[in-house]
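> As a plain string of letters, each chain reads:
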Amino acid sequence: MSATLAPLEPARRRHRLRRALTETGSVLLAVVILIWSLAPVYNMFLIALDPEEGEIEFDGNLWPPEPSLEGFREVITQEARYLETFWHQFGNSFFIGLLTMVLTVLIGSLASFAVSRMRLSKGSLLTNAALLTYAIPASFLIVPYFRIMHSYGLSDNPWAVIATQVTFATPFAILLLQLYASLIPFELDDAARVDGASAGQVYLRIYLPLMTPALAIVAIYALLLAWNDYLFAAVLLAVRNMTVAVTQGQLFSDTDAPWNAMMAAAIIYVLPPIALLFALRRYVVTGLTMAAVTE
Amino acid sequence: MSSMQQVLTAGPPVSGKGRRQPSRRHLRGADFRWAIAFVTPYAAVFFVFVVYPFSYALWMARKLSLYADLIFDPLYLRAVVNTVLFVGIGVNVKMFLALLLSGFFLRPRWWIKVLLAVYVLPWVIAAAQACVSFHWMLQQEGLVNGVLSAMFGIDGPTWFNDRLLALGSNIVVYIWKWMPFWTLIFLVARIKIPQDIYDAAEIDGATGARRFVHVTFPLLANLYLLCSLLSTLWAVGDFTTVYLVSGGGPAHLTDVLATLGFHYAFDIAAPALGVAAVMSALPVLIPIVILLMRRLQTGEAEL
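Protein chains in written order, with my numbering: chain A, 1 to 295; chain B, 1 to 303.
Next up, chain B with everything else stripped away, as it sits in the complex (with noise of 0.2 Å):
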């Protein structure tokens, strides 16, 4: 097995580590000195703006009670369910999608790579911006359902009044968003695929989706582990795309705990219980972080 397919399968770099740690001792003097003054910013910025926010958040939600009024508050308890079918759902459908249309964008033809340069449009184009689009795009009167009624005589649906259709849109619109960042890195990932591998599994009568199953998805399974956490780490913090899609509306039906934590504690005022409400997803969060962790650590991941 080549390096190249270790860093696919994060297995352990055997001969990457040979080479990159040909004398390993401890830095002496100068040089010790350059290696403290060039992790110094990065330090600060760590301790400064993570590690003291992060305990001002955790003493500010400290006081249980503030738990107990959560958990009888039927808003809560709708965002949490909120949160797991914004992020289950999007995160899943986007990465699946993607990773799809990654082996898709390969194909050897001029007008794919134009087509590539429209589909990172969404990736390149502002998040709060493009939302907003989305939001006018969905009214009543919009594009959509004048497009309903023009090819299909349909009247569309007032998409903003409906938890199911709002929360939908949102999903729609964060996939909308997202998919073409993991596509670039999926397709980057492939590329490295040889294609002798390729060349024997079609011997072996390998192709299309049986080739997709049997010899594409296994290769590029940790990554798409690793890119699937860690987009579930960046998909719990979106706050953009619910706040400015349906606006948590109708009536906070569609808030997730993102946008009923500023909810909390810009519009009603109650500081702790917006930061109480996001903490409370940390037994989720960290335990993907240390799965993310431990992954990287077994080799060098691509990310």
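The following block holds chain A by itself, in its conformation from the complex (with noise of 0.2 Å):
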């Protein structure tokens, strides 16, 4: 019995420092992920919570020699400067985050449906329409926007910037649901349509509720895009109706600006979208098993 257990004993050592050595490698690796992506989110709080960053320099403080959370209170209560509207501003962001995230979901699940359920024929023309609008892209377009909002009436109007969010957000919409619509079995349908159900009711009773994982996903992508865009924004909307993401912008090499609230806006914009994907979460899952499980 020891005649065969002593070869297996250096292949066994050999196989534990092996594994030692990934457990330890894994934990260096999570460390530097840590801080690779937690370093600018660091840096936010490093500069809201310093009340001295508005006046003086940036000097060189790995953390805020007196904490305070003033920053935050004067944004909150409006009172910093170049943020006196800010909650204005930040309903702006919300309006058209919120509606390019809605108008996105519906067009793009219609479409997608239309090609993808009902055997449109010449359907792969819209898939490759779609595909089409990322060969020029959308900051590209920004003067032409810039002319046609004007001439469509919609200078300095959160619709015009709705409607290009809405533009570059669909065809990925339309891409990603086709393929998850390729995953729900046909029998589905047609057994609705034995029954009687319009083309319309399949679509309400049938593909909405199954598509939910995609559609949340497909949300989110489009919330994401509304809320990172700063160009469309910033050339397509005055003052007046400016979004949070603009100020922050455009402001963002001036040491004059009271930096602390400048950041502390930013901490509490960036807030929604990260609510919004964990209030998902459990959809998104669901979405990414479903596409993982395909058989």
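Keep in mind that a hint or two might mislead.
Interface residues of chain A toward chain B, partial, derived using beta-carbon atoms under 10 Å [to be verified]:
#1 T24
#2 V27
#3 A30
#4 Y42
#5 M44
#6 L110
#7 A130
#8 A163
#9 T167
#10 S198
#11 V244
#12 M263
Hints are computed from structural coordinates only; laboratory data are not their basis. No residue lacks a Cβ here, since even glycine has one placed at the ideal position from N, Cα and C.
Mind assembling these two chains? They're in different frames, but the hints should get you there.
Okay, here's the thing in structure tokens:
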């Protein structure tokens, strides 16, 4: 018995050593990932919590010497310079983000339903058109948009920004939804049709409920796109209708701005998408596993 | 080969096709009207907000003399080089790291799930705010130089006074912002690879790096290519990162086409020149889109 065990010993030790090494490696990598992901977030808090930051130079501090929530208070009460209309701007961001989300889900799911479930002939034209949209990066069309929105009577109107965001969110939505729709068996639609359901009823009763995880991912994608936008809001909106992203961006190199309040505003601004992702996490996980167990 | 693997490798989905099209017939009557009604909103958006603005842009940039002006403008030539560097390095490094990290996030540990939640944070944080934070982090007296002097006693450089440092900063911020999204895509694709393929590979002695090169990468190669192409298109249009991190500075040395077009159009009031500057990228972008379309049509390739 001992004779059979002996040759196994060094192999087992090598195995154990390798496992210890991979474990240590993973932990080291995890630390690097944490620092990498959180450094700019830490920097936001560093600046936001330092009450001196507004008046004096940035002086290489690694943590705020006298942390204070003054910056946050000034933002919430709209006392900070440049942020006198913070809640109005926040409302604008919210309005644009929410409508982009709703319209993208609606337009994208309708088009994708017609192409993937109703066997519309020449349906692939629509998918190709959607892809073609990405041949021209959104930012490249900013000058034409600026002029066209004027002629459409949409200058300084949040709807102009919503239109551009929906335009560039929908193609991805259509591609993603079509992919997910191919996982739903056609027999379900056919059975409903035999029972006399119209196409509209199939869309409402079968397609939408079964596609919820994919729709949640599209919704998050669209909201993030609108929430990330700086260029279109900056160019298409005037000061009155500005979004939070624009204020932050336009003053980005202004050392005289009250930066503790600015960063506090930035922190408040980045919270809603995180909350949304957290609220929809169940659907996102389902969506990801649904894609993962495709058979 | 199961249809699942075909999805991954984008081969012709044989079994999928049989299920999907039991009766290929033309739609008639009420169904046809429903389908048209469903497609109309997107078609309207496409024509009003894609075709028309694009035609408008072509019309604005129609004069050939504009392109002659561009070629003799050193700002433009440098922006072309910067765009190639920004996109070429940014997209490839990001994609490769995302592919590697997606394997790391597959490890069955509870703390890796927590780490993943932290790791996707950059994707969720608004671009403008993140870029502004990076901008201040890389100031002479910012957090990065503070850490450099506290830990290593080095006097950090003035990041945005040097072209290569500023360009490098832009690329790093771009990678930081967009790597999590693609990591998630690769993570999903990796979950799809059936365990028995790995088991078989292990019997053949493929573990670790060899398993990655000979098993994982070939299975994901098509998806990797598709994602890289799509990401290239999006990166060429990335305005926010360059505009809010280095600001195109010092002295427009790190401008890319998107920010240079903006500069021409809105700072020096030459809108036609600005449009011509960005439109000059089309001869490169359109073949990428055509390649993408053909790749997608050959199968239900996963995005």
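> Work down the list of hints and note, for each, if the structure agrees.
Hint check:
Hint on T24 (chain A) is violated. Least Cβ distance to chain B is approximately 13 Å, over the 10 Å limit. At about 9 Å, the closest approach between the beta carbon of V27 (chain A) and any beta carbon in chain B falls short of 10 Å, and the interface hint on this residue holds. The beta carbon of A30 (chain A) comes within 5 Å of a beta carbon in chain B, closer than 10 Å, and the hint placing it at the interface holds. Interface hint at Y42 (chain A): satisfied, since its Cβ lies 7 Å from the closest Cβ of chain B, which is below the 10 Å cut-off.
Checking M44 (chain A) against chain B: minimum C-beta separation of about 5 Å stays under 10 Å; hint holds. Taken as an interface hint, L110 (chain A) checks out: its beta carbon lies about 4 Å from the nearest beta carbon of chain B, inside 10 Å. Interface restraint check: A130 (chain A) against chain B, minimum CB-CB distance 8 Å, threshold 10 Å, status holds. This hint holds: A163 (chain A) has a C-beta 6 Å from the nearest C-beta of chain B, less than the 10 Å allowed.
Given the 10 Å rule on beta carbons, the hint for T167 (chain A) holds: about 4 Å separates it from the nearest Cβ of chain B. With a cut of 10 Å, the hint placing S198 (chain A) at the interface with chain B holds, because the nearest CB-to-CB distance is about 7 Å. Here the hint on V244 (chain A) is kept, as its CB sits about 8 Å from the closest CB of chain B, short of 10 Å. For M263 (chain A), the interface hint holds, since its Cβ comes within 10 Å of a Cβ in chain B; the closest pair sits about 7 Å apart.
Violated hint: 1 only; the structure is consistent with all others.
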